[in-house]
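Q: Chains as they are written, first to last, in this note's numbering: chain A, 1 to 378; chain B, 1 to 203.
Since the hints were derived computationally from the structure, they do not count as laboratory data. Possibly wrong hints are sitting among the right ones.
Restricting the straight-line Cα-Cα distance to at most 27 Å, the calculated cross-link-like pairs of lysine-lysine (BS3-like) are [said to hold, decoys possible]: (1) LYS225(A) / LYS126(B); (2) LYS56(B) / LYS70(A); (3) LYS224(A) / LYS170(B); (4) LYS202(B) / LYS224(A); (5) LYS224(A) / LYS134(B); (6) LYS167(B) / LYS263(A).
Short, incomplete list of chain B residues facing chain A, as computed with Cβ under 7 Å [what the hints assert, rightly or not]: (7) TYR41; (8) ASP44; (9) ILE89.
Quick caveat: nothing in here was measured; it's all calculated off a predicted structure. Quick reminder that beta carbons are idealized off the backbone N, C-alpha and C, glycines included.
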Amino acid sequence: MTRREFLKLTGASLFLSAAPVSGFTKDLPQGNISVILLQGGMDGLTAVPPIGDPALASLRQEIGLSNPIKVNPFFGLHPKLQHFSKLMARGDASIVHATSFPYTKRSHFEGQNYMQGGGSSPFSTTTGWLGRALDLALLPGRAMSLELPLILRGSLNVDNFYPARVNGSSKPEKWLIEQITMAHQAEEARAFKAVGDKVADQARSNIPRDPVSLAKYAGEQMSKKGGPVASVIRVNQFDTHALQGADEGSHGDRLELLDEVIKAYREGLGDAWDKSIILTLTEFGRTASVNGTAGTDHGYASAGLLAGGLINKSRVISEWPGLADADLYEERDLYATIDYRSVCAACIERVLGLDHDLISQKVFLTSKLKRTYDYIFS
Amino acid sequence: MIKAFFYCLCFISLISTSVTASLPSDQAKGTLVKEDSIRIYEVDLVLENATDAFSKTDFDFSLYDINDTHGQMRCGFGIYRAIYETGVIEDWALVNGDLLIQDVLVKFLNHRWRTRGLSNSSYLTKEANLKLTKEGYMVGKIPYFHLFVDEGEPPMLPLYVSFKEHKNSKPIAINSSIGISAEMWVEVDGWADGVMYLLCNKV
Numbered sequence: 001m002t003r004r005e006f007l008k009l010t011g012a013s014l015f016l017s018a019a020p021v022s023g024f025t026k027d028l029p030q031g032n033i034s035v036i037l038l039q040g041g042m043d044g045l046t047a048v049p050p051i052g053d054p055a056l057a058s059l060r061q062e063i064g065l066s067n068p069i070k071v072n073p074f075f076g077l078h079p080k081l082q083h084f085s086k087l088m089a090r091g092d093a094s095i096v097h098a099t100s101f102p103y104t105k106r107s108h109f110e111g112q113n114y115m116q117g118g119g120s121s122p123f124s125t126t127t128g129w130l131g132r133a134l135d136l137a138l139l140p141g142r143a144m145s146l147e148l149p150l151i152l153r154g155s156l157n158v159d160n161f162y163p164a165r166v167n168g169s170s171k172p173e174k175w176l177i178e179q180i181t182m183a184h185q186a187e188e189a190r191a192f193k194a195v196g197d198k199v200a201d202q203a204r205s206n207i208p209r210d211p212v213s214l215a216k217y218a219g220e221q222m223s224k225k226g227g228p229v230a231s232v233i234r235v236n237q238f239d240t241h242a243l244q245g246a247d248e249g250s251h252g253d254r255l256e257l258l259d260e261v262i263k264a265y266r267e268g269l270g271d272a273w274d275k276s277i278i279l280t281l282t283e284f285g286r287t288a289s290v291n292g293t294a295g296t297d298h299g300y301a302s303a304g305l306l307a308g309g310l311i312n313k314s315r316v317i318s319e320w321p322g323l324a325d326a327d328l329y330e331e332r333d334l335y336a337t338i339d340y341r342s343v344c345a346a347c348i349e350r351v352l353g354l355d356h357d358l359i360s361q362k363v364f365l366t367s368k369l370k371r372t373y374d375y376i377f378s
Numbered sequence: 001m002i003k004a005f006f007y008c009l010c011f012i013s014l015i016s017t018s019v020t021a022s023l024p025s026d027q028a029k030g031t032l033v034k035e036d037s038i039r040i041y042e043v044d045l046v047l048e049n050a051t052d053a054f055s056k057t058d059f060d061f062s063l064y065d066i067n068d069t070h071g072q073m074r075c076g077f078g079i080y081r082a083i084y085e086t087g088v089i090e091d092w093a094l095v096n097g098d099l100l101i102q103d104v105l106v107k108f109l110n111h112r113w114r115t116r117g118l119s120n121s122s123y124l125t126k127e128a129n130l131k132l133t134k135e136g137y138m139v140g141k142i143p144y145f146h147l148f149v150d151e152g153e154p155p156m157l158p159l160y161v162s163f164k165e166h167k168n169s170k171p172i173a174i175n176s177s178i179g180i181s182a183e184m185w186v187e188v189d190g191w192a193d194g195v196m197y198l199l200c201n202k203v
């Protein structure tokens, strides 16, 4: 609910008495948030190479970029991130580097669960951090996947959408579902209504299932009045143990897909872009050194990409730990100097207007989360 | 409350100017994350190196009938803040000056923002993307400074607001020649609308 709608419903007198919306400690304009899950472990040193670090070239001989986009004297961007670089140029995108959820065991299963669950450790929660945030703000979200991903699971009104191609589903008997809905009450009626809504979604089942098309669709839905406030899309296959490639190659291809997804979100959101934040999430980064098969293995820190009109000024935010042997985590991985949960928390704070301490305690289930809001949104 | 909102916004901007933070070193020991001192690396990318970038005033005109040509009109304009909850239109203009309508295109000429801070005439001159519909509504997107910045307060970047066929708007009477008055309303945020008053003459 926007403040404008809130006023319409409650009347100006309530506003004048400064009654807060439940769960809100600030009365900021509402935005929307989209998370792109980069599964497999995105290589932050490839996506955002620290070209000013003297150790980079020797660590990355086989997979070093010959032509990175120069963001500033210290950081570059993979040449496949063309659209993202344009967003950076116009002040609508930022990077957080040397960052990770505080997880170092390098397991896909644990890492993916942890980055979505956001609890104290992998498999410690049955709900996700974004779902819990939406619960606090009493807002709906929507996932663009067949099953509802952990990150969006909460206890309230969160839904998922995925283009179905079940035989016969192209001509659903909507009238029948409506009749059944009317014949039931309370929870049963709501359940059948949900089925009816799904049928309406299926009418749009000609939407391709690729992440780019889903991102555009998600953006369009979020741009509508009363549309979902949050969306989640997966981009997988970042796990490039062999033949990772450099300017071209498998990791670059995935980054190009990510770039297209961000672009599609931008197109779908339209004017709502100004109230939007998109952030990437990956379970871990990759080793600083190249392995024996011209790839990289599971590591620790990576980079997070943020885009959206809610960003006022593009920047790279990092406490760069260095790539010298002594600076690496366990002498092999980029060290995480920024807890990425704090980046997620800042995005929630910006979009939902929730208080940082509340987010820390109720969403990420810790009282010690650093506030990075000012670094990202000032 | 409105003042409190402004103060709140100003406060947010104020605290944003300080970007270094630190933790005592013993707090960082034994943790998986160091978080000693975050640094901001400014971005040197410029638009010349990033062609085809989206503009902040991109607008989907396909929803409107803007195929007509209206000839040339010169208008005086002033944009005022209309407080949403009370409907009161403030007495002082955010910006006023002149604009030119050439067929469907709206070009801002001499004008002056009263909001101080970062506001200057380059925003509307270079970025505004407004067109006139067949019915005489202005639609499109412009940069919009909605808050006054006093001396010592941190300046703020403009909002980008979309003019649509607002229910309160009074379109330009296309068939008239002189003394054509019109109002173009725009939703700005949860606190205020904006209204652009126009007085136009065909030239």
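Q: Of the numbered hints stated earlier in the document, which are not met by this structure?
A: Failing hints, ascending: 1, 4, 6, 9.
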